[in-house]
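K.L.:
Spelled out from the first residue to the last, the chains are:
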Amino acid sequence: MGIAIGIAGTAKNTGKTTTTSAIFNELYKHKIQVALTSIGYDGEEIDNITGLPKPRLFVKKNTILATAKKCLEAGNADYDILETTDISTPLGKVCIVKVIKEGLAVVAGPNKGSQLNYIKSRMFNDLNCKVILVDGALNRLAPMIETDGIILATGASRNTDIDVLVEETKALYELLNLPTISKDDLQFLSDIKKIALVPKDSNAKTVFLKYGSLIDNEIVNEIADIIKEIDIKVIFIPALISEFALKTLNDSIGNSWANKDLIISDPIKLIIGGNPETMLKEVNRIKCNDGNIKALKNIPLLAITVNPFYPKYRFDKSSYEPGYINKENLLNKMRTSIEVPVIDIKQEGPSRLLESILSRI
Amino acid sequence: MSDVLEKIMDAIDIETYIVSKNEDEAEKFAMELMEKLGFKDISIVFIQHRGPGARVRARGYIYKPGDRYGWLFN
Amino acid sequence: MIDKKKVLLAPLDPVHDIGLKMIKRGLENKGHETILIPPDYSPEEIIKSIIDNDVDIVLVSRTLGYGVAEVLGKFIDLAEASGIRDKVKIGIGGMAVRPELAAELGFDAGFGPGTSVDEAVAFVEGREYVPAENRSKKNKKDITEGYDYLFHNKKIEKLLDSIVDGILDYVSDKTTTAIQRAQIRRQILESNSESEKQKLRRDYSKLCDDVIKSFYESGKYREKTRPMTNDEVDALNQYVDAVNSRMNPLYLQHVDKNPVVFIQYGTGCPFMDIAHIKSCEAWGADGAVHFDPSWGARTEGFLEGYITHEEDGSVITYENLKSIKKSLLPNTLWQVRAHRGLNTPETVLLAGKIGADLTKINIAYGSLGGGTDPERLTVDAVEAIKYAAEFNMPFDVVTNEELCGVPAYKAFAGMLIVSKLGLRLGAKPILQPLFCYSPEVMISGQMEDNYVDFNAAKIYCLRNIVNAPIWCGAPIGFLTQTEDRVQSSLMTSLHASLASSLGVDGISIASSDEAFSGGPITIPARIDTLRATQSSFRFFGQSNIVPTDNAHKWAKEIEEGIEAVLELVLKNGNFVNALYQGILGSKEDGAYPGRAGRDSVMKKIY
Numbered sequence: 000m001g002i003a004i005g006i007a008g009t010a011k012n013t014g015k016t017t018t019t020s021a022i023f024n025e026l027y028k029h030k031i032q033v034a035l036t037s038i039g040y041d042g043e044e045i046d047n048i049t050g051l052p053k054p055r056l057f058v059k060k061n062t063i064l065a066t067a068k069k070c071l072e073a074g075n076a077d078y079d080i081l082e083t084t085d086i087s088t089p090l091g092k093v094c095i096v097k098v099i100k101e102g103l104a105v106v107a108g109p110n111k112g113s114q115l116n117y118i119k120s121r122m123f124n125d126l127n128c129k130v131i132l133v134d135g136a137l138n139r140l141a142p143m144i145e146t147d148g149i150i151l152a153t154g155a156s157r158n159t160d161i162d163v164l165v166e167e168t169k170a171l172y173e174l175l176n177l178p179t180i181s182k183d184d185l186q187f188l189s190d191i192k193k194i195a196l197v198p199k200d201s202n203a204k205t206v207f208l209k210y211g212s213l214i215d216n217e218i219v220n221e222i223a224d225i226i227k228e229i230d231i232k233v234i235f236i237p238a239l240i241s242e243f244a245l246k247t248l249n250d251s252i253g254n255s256w257a258n259k260d261l262i263i264s265d266p267i268k269l270i271i272g273g274n275p276e277t278m279l280k281e282v283n284r285i286k287c288n289d290g291n292i293k294a295l296k297n298i299p300l301l302a303i304t305v306n307p308f309y310p311k312y313r314f315d316k317s318s319y320e321p322g323y324i325n326k327e328n329l330l331n332k333m334r335t336s337i338e339v340p341v342i343d344i345k346q347e348g349p350s351r352l353l354e355s356i357l358s359r360i
Numbered sequence: 000m001s002d003v004l005e006k007i008m009d010a011i012d013i014e015t016y017i018v019s020k021n022e023d024e025a026e027k028f029a030m031e032l033m034e035k036l037g038f039k040d041i042s043i044v045f046i047q048h049r050g051p052g053a054r055v056r057a058r059g060y061i062y063k064p065g066d067r068y069g070w071l072f073n
Numbered sequence: 000m001i002d003k004k005k006v007l008l009a010p011l012d013p014v015h016d017i018g019l020k021m022i023k024r025g026l027e028n029k030g031h032e033t034i035l036i037p038p039d040y041s042p043e044e045i046i047k048s049i050i051d052n053d054v055d056i057v058l059v060s061r062t063l064g065y066g067v068a069e070v071l072g073k074f075i076d077l078a079e080a081s082g083i084r085d086k087v088k089i090g091i092g093g094m095a096v097r098p099e100l101a102a103e104l105g106f107d108a109g110f111g112p113g114t115s116v117d118e119a120v121a122f123v124e125g126r127e128y129v130p131a132e133n134r135s136k137k138n139k140k141d142i143t144e145g146y147d148y149l150f151h152n153k154k155i156e157k158l159l160d161s162i163v164d165g166i167l168d169y170v171s172d173k174t175t176t177a178i179q180r181a182q183i184r185r186q187i188l189e190s191n192s193e194s195e196k197q198k199l200r201r202d203y204s205k206l207c208d209d210v211i212k213s214f215y216e217s218g219k220y221r222e223k224t225r226p227m228t229n230d231e232v233d234a235l236n237q238y239v240d241a242v243n244s245r246m247n248p249l250y251l252q253h254v255d256k257n258p259v260v261f262i263q264y265g266t267g268c269p270f271m272d273i274a275h276i277k278s279c280e281a282w283g284a285d286g287a288v289h290f291d292p293s294w295g296a297r298t299e300g301f302l303e304g305y306i307t308h309e310e311d312g313s314v315i316t317y318e319n320l321k322s323i324k325k326s327l328l329p330n331t332l333w334q335v336r337a338h339r340g341l342n343t344p345e346t347v348l349l350a351g352k353i354g355a356d357l358t359k360i361n362i363a364y365g366s367l368g369g370g371t372d373p374e375r376l377t378v379d380a381v382e383a384i385k386y387a388a389e390f391n392m393p394f395d396v397v398t399n400e401e402l403c404g405v406p407a408y409k410a411f412a413g414m415l416i417v418s419k420l421g422l423r424l425g426a427k428p429i430l431q432p433l434f435c436y437s438p439e440v441m442i443s444g445q446m447e448d449n450y451v452d453f454n455a456a457k458i459y460c461l462r463n464i465v466n467a468p469i470w471c472g473a474p475i476g477f478l479t480q481t482e483d484r485v486q487s488s489l490m491t492s493l494h495a496s497l498a499s500s501l502g503v504d505g506i507s508i509a510s511s512d513e514a515f516s517g518g519p520i521t522i523p524a525r526i527d528t529l530r531a532t533q534s535s536f537r538f539f540g541q542s543n544i545v546p547t548d549n550a551h552k553w554a555k556e557i558e559e560g561i562e563a564v565l566e567l568v569l570k571n572g573n574f575v576n577a578l579y580q581g582i583l584g585s586k587e588d589g590a591y592p593g594r595a596g597r598d599s600v601m602k603k604i605y
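Residue numbers (numbering that gives the first Met the number 0), protein chains in the order written: chain V, 0 to 360; chain W, 0 to 73; chain R, 0 to 605.
Hints in this document: simulated from the structure, not taken from any laboratory. Yeah, the Cβ is synthetic: ideal placement off N, Cα and C, and Gly gets one too. Hints are supplied without guarantee of correctness; some may be wrong.
To be verified - Pairwise CB distance ranges (calculated):
id: 1; chain 1: V; residue 1: 325; chain 2: R; residue 2: 24; range: 54 to 62 Å
id: 2; chain 1: R; residue 1: 53; chain 2: V; residue 2: 296; range: 21 to 29 Å
id: 3; chain 1: R; residue 1: 601; chain 2: W; residue 2: 12; range: 45 to 53 Å
id: 4; chain 1: R; residue 1: 53; chain 2: V; residue 2: 191; range: 13 to 21 Å
id: 5; chain 1: V; residue 1: 190; chain 2: R; residue 2: 29; range: 37 to 45 Å
id: 6; chain 1: R; residue 1: 3; chain 2: V; residue 2: 189; range: 29 to 37 Å
id: 7; chain 1: V; residue 1: 320; chain 2: R; residue 2: 53; range: 47 to 55 Å
id: 8; chain 1: R; residue 1: 113; chain 2: V; residue 2: 258; range: 55 to 63 Å
To be verified - Computed cross-link-like contacts, DSSO-like style, restricted to lysine-lysine with a CA-CA straight-line distance of at most 30 Å:
id: 9; chain 1: R; residue 1: 324; chain 2: R; residue 2: 219
id: 10; chain 1: R; residue 1: 5; chain 2: R; residue 2: 321
id: 11; chain 1: R; residue 1: 352; chain 2: R; residue 2: 219
id: 12; chain 1: V; residue 1: 332; chain 2: V; residue 2: 280
id: 13; chain 1: R; residue 1: 86; chain 2: V; residue 2: 296
id: 14; chain 1: R; residue 1: 86; chain 2: V; residue 2: 68
id: 15; chain 1: R; residue 1: 3; chain 2: V; residue 2: 92
id: 16; chain 1: R; residue 1: 324; chain 2: R; residue 2: 196
id: 17; chain 1: V; residue 1: 209; chain 2: R; residue 2: 5
id: 18; chain 1: R; residue 1: 88; chain 2: R; residue 2: 5
id: 19; chain 1: R; residue 1: 140; chain 2: R; residue 2: 324
id: 20; chain 1: R; residue 1: 223; chain 2: W; residue 2: 39
id: 21; chain 1: R; residue 1: 86; chain 2: V; residue 2: 209
id: 22; chain 1: V; residue 1: 286; chain 2: V; residue 2: 316
id: 23; chain 1: V; residue 1: 192; chain 2: R; residue 2: 88
id: 24; chain 1: W; residue 1: 63; chain 2: R; residue 2: 325
id: 25; chain 1: V; residue 1: 280; chain 2: V; residue 2: 293
id: 26; chain 1: R; residue 1: 86; chain 2: V; residue 2: 246
id: 27; chain 1: V; residue 1: 192; chain 2: R; residue 2: 86
id: 28; chain 1: R; residue 1: 4; chain 2: V; residue 2: 92
id: 29; chain 1: R; residue 1: 352; chain 2: W; residue 2: 6
id: 30; chain 1: R; residue 1: 321; chain 2: R; residue 2: 139
id: 31; chain 1: V; residue 1: 92; chain 2: R; residue 2: 88
id: 32; chain 1: V; residue 1: 193; chain 2: R; residue 2: 5
id: 33; chain 1: R; residue 1: 212; chain 2: R; residue 2: 586
id: 34; chain 1: V; residue 1: 11; chain 2: V; residue 2: 100
id: 35; chain 1: V; residue 1: 293; chain 2: V; residue 2: 311
id: 36; chain 1: W; residue 1: 6; chain 2: R; residue 2: 325
To be verified - Footprint (simulated), chain V over chain R, 3 or more residues, beta carbon under 8 Å:
id: 37; stretch: 82-92
id: 38; stretch: 100-113
id: 39; stretch: 189-196
Working from the sequences, and respecting the hints, build out all of it.
P.N.:
Below, the structure is given as structure tokens:
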């Protein structure tokens, strides 16, 4: 079995493509069968003539790709189409292809988790891939649930204030690395689609709500009312948790968190619901009130790549020029706060990045 | 495509407003503008000067009837 | 049977998108259930509504461009994280949306500006969207249809009949070289023998002016004309085929009563003419009027072959006309003018042979404002009208002598005489009053207050006299336009709507370059007025422009004036003399009997 790695950029120009290319090259060197797909596509650079994204990624022979049909015409790599899937995108059906002539490629893959899951199983089980890279963006995180870990590309393009950048990255790290529940303990929850409140009394029945997501006052109030009536040990929320609703829940039940577990499906459901730092604050409030928060599955943050570059706007010239924040400072602060490899890929190269991947295969 | 100008069917009109003292001056500026832009066969189609400046439509013909039109042959 | 869907329409904006409301109506008409939620919902609230209402499809609108990628990407993520993504199809529409953006953000469909309601309905119904063929198909309209030419003013009819009797009597023993050339041309066109054609050409050239004669005898071209090369003709054919394959013309008309719209072309170069016609067709023009060079009207005889010309007006040859005709869309009305000059019978013959829809004949204008000798044109025009009748080509009777200064009532008298002559010869005349700021009204002040009343008076007057088709020309709004393209287009479009309001059948419109004399008309200038006319038709719809009481008063005065002129024509013996004497437009008015072809009328030899 292989590993599926998500690569998420926090903004344009954070070096996601550089990171992906670097990992690719390293895997090629180790002769590891690699596959690539993406969540939708990065439409940043549209070729004005073809109307398609400009190819930016160099792929070598035998690489497996999952990409929309129209993208096969862009770039100069040649492919053998192994399968045309039923997955439709506005750029045509997603095809699984093998590179037969190396060159530049455009990848626009499926954009739903369920579709990614299908692609993944074909790549691992039938095509013998060892590493699947999933190209993504911070505003399209949901399908990343299908990966085994994420590499985050961030940098000055996201924010030029190093402290803010570090805070945000740290919050993402903390949320992505939430503790998971033990294997036998409450794994039955994974089949439940609605919010479930499990009583302490093992003879009492679990209460199910109408909704799977914690997204508004109505749902928060319902939970709060039940907690007043019944002694609950687990609040399980299988779907989305919004920042506003979690804050309201904390405000409402506050110190009743003691000896209770909030169990969520995965950290992505939290990160999508709001600002990571605010979310982390609410998570910490649960802990401060002696509650626990765990996930059925986490999507560990494997590594962080940083790019000090950003396009700097010059008002006097009405144009952009290259700007840089202090790289040493950025790396130091990031490394002290977060316990995963923080890499300047342009300078250090991908070997350390690869270690964190290969160690998981 | 050798030159995008060959895709112009007949002419390019430049419409603008030129800050100027009077119509003569505006016309002079408009001609200067068109020459600067590299047009050869220039006409001032419309010019109207009021206090602050002139509303101008200047035209540079790329092709006139009887020419060999690039858009037809390429 | 399409299964009925439940659709949630959600604006992700602080304001409601009108597009969503239109789509809502479209979906409801197809029997789908819709829920339109208020514009101030947060993305989370929209997600909750989707869950609460258990919908099949969500259509999100986002009009604001700022931060669109972040907002919409987040929305899709929320939908997926809340577990509804696999159950619900999500489409996105709005000004800032492109299909590529929708793909990037993970929507199932993206609808940008210009999306039709049908497209959104197709997405909801899960079928592929096929753009409807532009209504059924653009039809070629016969603007004479439904007119019986019944005269309401019997006194005028009687006067006209007497004058027409006089004309037919006058021409009965006369002929011209133009008539003879037309007869030879017909034989050339109908002959299958090359040697016979060569002989006929020699006969033809003997009846021509020297400049044409030298073409037939020694292959010399008139100055400023040259033959087109083979590669030019090939390139033209390829251009036309390529353009026709992607034509999907716009409609100018918004309601049935809107008149058909003609444009006039005549750049001198058949290529440029065709390029202009194709663009005008694409932007909705219903018809095109062929303009020939002015020297062509003063020269006895026509050239042959594909010929281009450096000045205004496109040279009439069988081949030139044929290539233009071939380039037209099947629905485009095409008129070849034969209203003046020394070749009118042959012009109408060629037009008829090639399949033109319409021609233009007016003896009064052609001789008083068009430079052709009255007697010559009268004899030629009778023959030309006979060809028009034979080829079933209605002809308009243009009254451009008004632009010289001839008052409307005199011009109308001439127009009615030629129209009656046409009816007598079995043709279908179309009245062509001008919508213009004419010298007459500049002096007499009928347009001091507005441009509406006097133009309306002309139409009221003609409608009072006879039930005949009316095509306002040419072009409408003449002398009201300036070099400013906005002003020019506005004037054209308002005159177009006035014509529509008055129920006329056709109009000819100028380009916004109408008043610019410093160079050729450009294609953008044509599109300006086509778009303006379309907008004006859209604006007025079935509503009407209401003239003041002056319109009916002046209509009566024009009608009385016409009667008086016709009586005077009759009193003076015959129509041709009346033209020379200025009864239908005098030197004082600004009309001068033309000299081209003077004393060239011959006695028929039997």
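K.L.:
Run every hint past the structure and note whether it holds.
P.N.:
Taking the hints in turn, this is what the structure says about them:
| no. | hint | in the structure |
| --- | --- | --- |
| 1 | V:325 / R:24: 54 to 62 Å | 58 Å, holds |
| 2 | R:53 / V:296: 21 to 29 Å | 28 Å, holds |
| 3 | R:601 / W:12: 45 to 53 Å | 52 Å, holds |
| 4 | R:53 / V:191: 13 to 21 Å | 19 Å, holds |
| 5 | V:190 / R:29: 37 to 45 Å | 38 Å, holds |
| 6 | R:3 / V:189: 29 to 37 Å | 35 Å, holds |
| 7 | V:320 / R:53: 47 to 55 Å | 53 Å, holds |
| 8 | R:113 / V:258: 55 to 63 Å | 60 Å, holds |
| 9 | R:324 / R:219 | 26 Å, holds |
| 10 | R:5 / R:321 | 57 Å, violated |
| 11 | R:352 / R:219 | 26 Å, holds |
| 12 | V:332 / V:280 | 20 Å, holds |
| 13 | R:86 / V:296 | 23 Å, holds |
| 14 | R:86 / V:68 | 24 Å, holds |
| 15 | R:3 / V:92 | 26 Å, holds |
| 16 | R:324 / R:196 | 24 Å, holds |
| 17 | V:209 / R:5 | 20 Å, holds |
| 18 | R:88 / R:5 | 11 Å, holds |
| 19 | R:140 / R:324 | 17 Å, holds |
| 20 | R:223 / W:39 | 22 Å, holds |
| 21 | R:86 / V:209 | 17 Å, holds |
| 22 | V:286 / V:316 | 51 Å, violated |
| 23 | V:192 / R:88 | 20 Å, holds |
| 24 | W:63 / R:325 | 23 Å, holds |
| 25 | V:280 / V:293 | 15 Å, holds |
| 26 | R:86 / V:246 | 29 Å, holds |
| 27 | V:192 / R:86 | 13 Å, holds |
| 28 | R:4 / V:92 | 25 Å, holds |
| 29 | R:352 / W:6 | 35 Å, violated |
| 30 | R:321 / R:139 | 19 Å, holds |
| 31 | V:92 / R:88 | 16 Å, holds |
| 32 | V:193 / R:5 | 23 Å, holds |
| 33 | R:212 / R:586 | 35 Å, violated |
| 34 | V:11 / V:100 | 29 Å, holds |
| 35 | V:293 / V:311 | 41 Å, violated |
| 36 | W:6 / R:325 | 24 Å, holds |
| 37 | 82-92 | holds (count 3) |
| 38 | 100-113 | holds (count 10) |
| 39 | 189-196 | violated (count 0) |
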